[in-house]
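S.K.: Single-letter residue listing:
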Amino acid sequence: MNRRTLMATAALGLGLAFSGGANAAGMDHVKACFVYVGPVGDGGYTYQHDQGRIAAQEHFGDKVETVFQENVPEGADTARVLTQMALGGCNIIFTTSFGFMDATQEVAAKFPNIKFEHATGFKRDTPNVSTYNARFYEGRAVQGTIAGMMTKSNKIGYIGSFPIPEVVMGINSYYLAAKKVNPDVDLSVIWAYTWFDPAKEADAAKAMIEQGVDVIAAHTDSTAPLAEAAKTPGVIGFGQASDMSAYKPTPRVTSIIDNWGPYYIARIGALLDGTYEQTDSWEGIKSGEVEIGEITGLPDDVKAAAEKVRDGIADGSYHPFTGPINKQDGSAWLAEGQDAPDGDLLSMDFYVEGIKGDLPK
Amino acid sequence: MDLSGINPAVLIASLMVASVPIMLAAIGELVTEKSGVLNLGVEGMMIIGAICGFVTAVETGSPLLGFIGGAVSGAALSVIFAVLTQVLQANQVATGLALTLFGLGLSSLIGQGYVGIKPPPTGMVPFGPLADIPVIGRILFKHDPMVYVSIAIVAAVWAVLKFTRMGLIIRAVGESHEAAHALGYKVTRIRILAIMFGGAMAGLGGAYLSLVRVPQWADGITAGAGWIALAIVVFASWRPWRVLIGAYLFGGISVLQLNLQVAKVPIPPEYLSMSPYVITIIVLVIMSSGRGRSAMNAPAALGQNFHASR
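If you're matching them up, the sequences are chains A and B in order.
The first sequence maps to residues 0 to 360 in numbering that gives the first Met the number 0.
The second sequence maps to residues 0 to 309 in numbering that gives the first Met the number 0.
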């Protein structure tokens with residue numbers, strides 16, 4: 000037995016010893032750990048996860064101890080951080096970024112008694128891995144409606160982070176909703192290849208504004224695109240992940256707010272009372288995981304149209320992806336009246352018809 | 000593809016703004032390195048300047064005081080480096096790296112209560128009718144004061160290093176500290192002052208990021224700009240005007256690649272995204288290929304510690 004296998008075995012043994020108490024009979028005390036891709040002070044995505052953590056902490060008080068690590072890089076370091084948490088006595092570990100997917104599977108396989116919860120992913124290789132996500136694309140339909148009605152140049156923009164299904168479905172939903180109210184609308188996409196780089200996000204927004212784009216949606220984590228939009232009168236944008244209310248009433252005219260608190264409370268609660276099961280959760284506007292922030296600074300008819308889309312999604316009468324919809328290359332995707340199946344959305348790797356430019360693979 | 004949307008005048012104006020932080024940090028580091036000190040803590044000093052400048056501007060309501068606060072805090076952080084390397088003779092590379100890590104952590108701590116706040120706006124310099132000249136007006140006369148200040152600083156550093164006795168002394172200390180010491184110059188004191196100038200410029204560059212370019216505070220706002228500044232000093236082969244060219248080249252490609260994406264140029268965005276870094280590396284390789292350290296113009300005593308007893 001060389002040193003590495005010795006250490007791995009020791010690690011495994013320790014993990015088992017620490018987590019041995021977690022079983023179907025419930026627990027008296029849960030240590031819940033959170034892994035964040037960005038800083039909790041980003042004012043956006045990671046901030047909202049941390050708000051969820053704080054909500055869970057307040058809800059359970061002494062029965063739950065929460066720990067988090069921020070700024071964890073997506074890559075080799077992820078597995079190291081997860082292993083450290085598992086050895087540190089965590090009972091449930093929430094990994095909150097898509098890029099943590101493979102590391103989550105890898106570490107979860109080594110620690111079968113610890114629960115892993117991976118946000119926005121689709122892999123559940125072992126029974127102790129659950130996935131959770133929110134239907135952010137529903138919020139994008141609300142934003143797209145506003146974008147289509149408010150643009151004067153008919154040029155709207157979308158700052159994407161990485162070309163993953165999560166982002167691609169947001170772009171398609173945004174575009175389809177805008178096109179529904181404004182057939183002449185033209186969409187420009189910038190791939191920033193980062194979740195968090197305020198200077199780059201600001202530059203991306205600036206490049207769009209200089210080329211006449213006047214409504215900018217961002218799928219990155221900071222408020223920089225809004226700060227840039229604020230410099231040019233007439234340009235509007237949206238709060239992403241968090242309300243970003245500092246930019247009310249304009250340029251931020253509404254927002255998609257990730258509300259993770261109820262989910263975290265439900266999952267930790269299930270672990271405490273012994274009802275925990277592996278799940279694949281994907282909720283949206285209806286159950287409150289996706290909140291639409293207050294609509295400000297818009298004409299009444301635009302506001303009413305946006306609210307109608309929001310309420311339609313909530314009561315099930317409106318689906319952002321309802322056929323007929325073709326893919327960008329003209330091939331058929333959804334037939335007349337057909338709603339997109341979840342499987343198609345979760346693996347989405349194409350633009351819908353009408354979006355110009357290539358989607359990077 | 001629709002390139003008609005890209006207005007060259009607007010593009011040049013944007014790249015001038017995008018280049019200011021790295022240009023300031025690089026010109027400061029150039030002076031530090033000219034005096035023979037390698038300070039790898041530029042990133043740390045920049046981000047401390049970013050948060051302290053931001054806090055000062057928000058609390059006082061004055062962007063000017065914010066910039067001063069950023070410069071002072073960058074210089075203050077560099078004093079730690081100066082004491083460790085010049086007085087206590089610590090290794091410069093290791094200390095510089097530690098300074099970066101320390102600055103990133105400390106800025107995050109100071110910035111806790113300042114997320115989501117808007118700083119007081121920095122206005123444009125009023126040039127009156129000059130700003131309305133087509134093309135030239137947009138490029139030259141529609142900027143905030145710091146764009147002009149940064150170019151003025153580059154000019155001043157060039158003039159001081161080239162024409163003044165002070166510049167000669169700084170260069171002498173950087174080329175051969177033994178000889179400068181023998182001539183009676185206070186090597187340690189001169190180097191500490193050069194380090195502080197480098198820190199002040201990095202802090203100023205950081206403050207520009209958080210007060211004008213982004214403008215807000217967010218953790219990790221510099222996102223590697225300090226490292227690019229270090230590369231630009233080598234790229235410029237320790238010549239001030241080339242720092243300006245290097246910063247404009249890097250800033251220009253960064254801005255251009257985003258504009259090309261908006262214009263839907265059929266080049267995969269992965270390549271566009273990496274282009275500023277790739278071009279920086281290529282230029283660095285070309286600059287340093289087949290020639291010795293002296294031809295590169297590197298200060299001969301760069302990175303070497305000095306103690307008067309030796």
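Simulated from the structure, these hints should not be mistaken for laboratory data.
Warning: the hint list may mix true and false statements.
To be verified - Straight-line distance between alpha carbons at most 16 Å, and here's what the computed EDC-like set of lysine to aspartate or glutamate pairs gives: (1) A:K230 x B:D131; (2) A:K326 x A:D310; (3) B:K263 x A:E209; (4) B:K263 x A:D357; (5) A:K247 x A:D310; (6) A:K179 x A:E352; (7) A:K151 x A:D124; (8) A:K307 x A:D341; (9) A:K62 x A:D101; (10) B:K161 x B:E177; (11) A:K360 x B:E269; (12) A:K122 x A:D341; (13) B:K141 x A:E209.
S.K.: Hint by hint, say whether it matches the structure.
M.R.: Outcome of the hint check:
1. Our distance criterion of 16 Å between C-alpha atoms is broken by A:K230 and B:D131, whose separation comes to about 19 Å.
2. Of the supplied pair hints, the one linking A:K326 and A:D310 is violated, its CA atoms being roughly 27 Å apart against a limit of 16 Å.
3. This hinted pair checks out: B:K263 and A:E209 have alpha carbons roughly 14 Å apart, not beyond 16 Å.
4. A hinted pair counts as satisfied when its Cα atoms are at most 16 Å apart, and B:K263 with A:D357 qualifies at roughly 8 Å.
5. As the CA atoms of A:K247 and A:D310 are separated by approximately 22 Å, the hinted pair breaks the 16 Å bound.
6. For the hint linking A:K179 to A:E352, the alpha-carbon distance of about 13 Å falls within 16 Å, and the restraint holds.
7. Note on A:K151 and A:D124: the hinted pairing is violated, with a Cα-Cα distance of about 48 Å set against a maximum of 16 Å.
8. Restraint check for A:K307 and A:D341: the C-alpha separation of about 23 Å exceeds 16 Å, so the hint is violated.
9. Proposed proximity of A:K62 and A:D101 is contradicted: the alpha carbons are some 30 Å apart, above 16 Å.
10. Note on B:K161 and B:E177: the hinted pairing is violated, with a Cα-Cα distance of about 22 Å set against a maximum of 16 Å.
11. Between A:K360 and B:E269 the alpha-carbon distance is near 10 Å, which keeps this suggested pair within the 16 Å criterion.
12. Proximity of A:K122 to A:D341 is assessed by CA-CA distance (about 15 Å); at most 16 Å being required, the pair is judged to hold.
13. A C-alpha spacing of about 14 Å is found between B:K141 and A:E209, which places the hinted pair at or below 16 Å, so the restraint holds.
This entry does not satisfy hints 1, 2, 5, 7, 8, 9, 10, going by the numbered hints stated previously.
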